[in-house]
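S.K.: Put together the whole structure using the sequences plus the hints.
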Amino acid sequence: SAVISQKPSRDICQRGTSLTIQCQVDSQVTMMFWYRQQPGQSLTLIATANQGSEATYESGFVIDKFPISRPNLTFSTLTVSNMSPEDSSIYLCSVLTDSAYEQYFGPGTRLTVT
Amino acid sequence: QKEVEQDPGPLSVPEGAIVSLNCTYSNSAFQYFMWYRQYSRKGPELLMYTYSSGNKEDGRFTAQVDKSSKYISLFIRDSQPSDSATYLCAMSARTGGFKTIFGAGTRLFVKA
Chain L
358 SAVISQKPSR DICQRGTSLT IQCQVDSQVT MMFWYRQQPG QSLTLIATAN
408 QGSEATYESG FVIDKFPISR PNLTFSTLTV SNMSPEDSSI YLCSVLTDSA
458 YEQYFGPGTR LTVT
Chain Z
37 QKEVEQDPGP LSVPEGAIVS LNCTYSNSAF QYFMWYRQYS RKGPELLMYT
87 YSSGNKEDGR FTAQVDKSSK YISLFIRDSQ PSDSATYLCA MSARTGGFKT
137 IFGAGTRLFV KA
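Those protein sequence lines, which keep their order, are chains L and Z.
Going by our numbering, the first residue of the first sequence is number 358, and it counts up by one from there.
Going by our numbering, the first residue of the second sequence is number 37, and it counts up by one from there.
What the hints contain is simulated information worked out from the structure, not anything from laboratory work.
Bear in mind the structure is a predicted one, so any value in this text is a computation, not a measurement.
Glycine included, C-beta positions come from ideal geometry on N, C-alpha and C.
Which chain Z residues face chain L? A few, computed with CB under 10 Å, are given here:
id, residue
1, Val40
2, Met70
3, Tyr72
4, Lys78
5, Leu82
6, Leu124
7, Arg130
8, Lys135
9, Thr136
10, Phe138
11, Gly139
M.R.: This is the structure in structure tokens:
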């Protein structure tokens, strides 16, 4: 299994500002992901965070809006830039264990943009 | 047609009932099948994980995969109020990377 922590757990931000979310895993993993979950909705993949190279973004998500860093195999950050109320959502970090291909999620960061 | 179809519910059952949750999918390349439980304001928790077809049992939970019908199920026996949550099915394929597709989630309420 994998234990994932995220910081902050929640935040209320002003329109036009940026927020960086941190994700820490208790073991080294090759694949880390960032998801968004809007109220009452399922999970939408934002990007795959690649260690040592640029993240791979899904359709509809761009690096300028959601820059991602992955400096090592246990840590990643997601920045939500130039926020608008439409960015209000839960942002979830997820990892895939290297041995069993099991996918785990962090507790999420609840973001409200006013 | 969505790749994964899941009835969003809500599903309301009395305590002690057997709960059946289901998903259908269209992509025959899926090899890994998961069920997640998500409590309100929490991240999804991996509940059951199955590779390819067959059944898997863990306590009160049983996961079934029928690849020929492209149909997966989660059964909860002796349901408890603490089982009240949203249950998401998910499935993955390793072709062209590793990407997981999630169902919409079924909201379950178990009444005491």
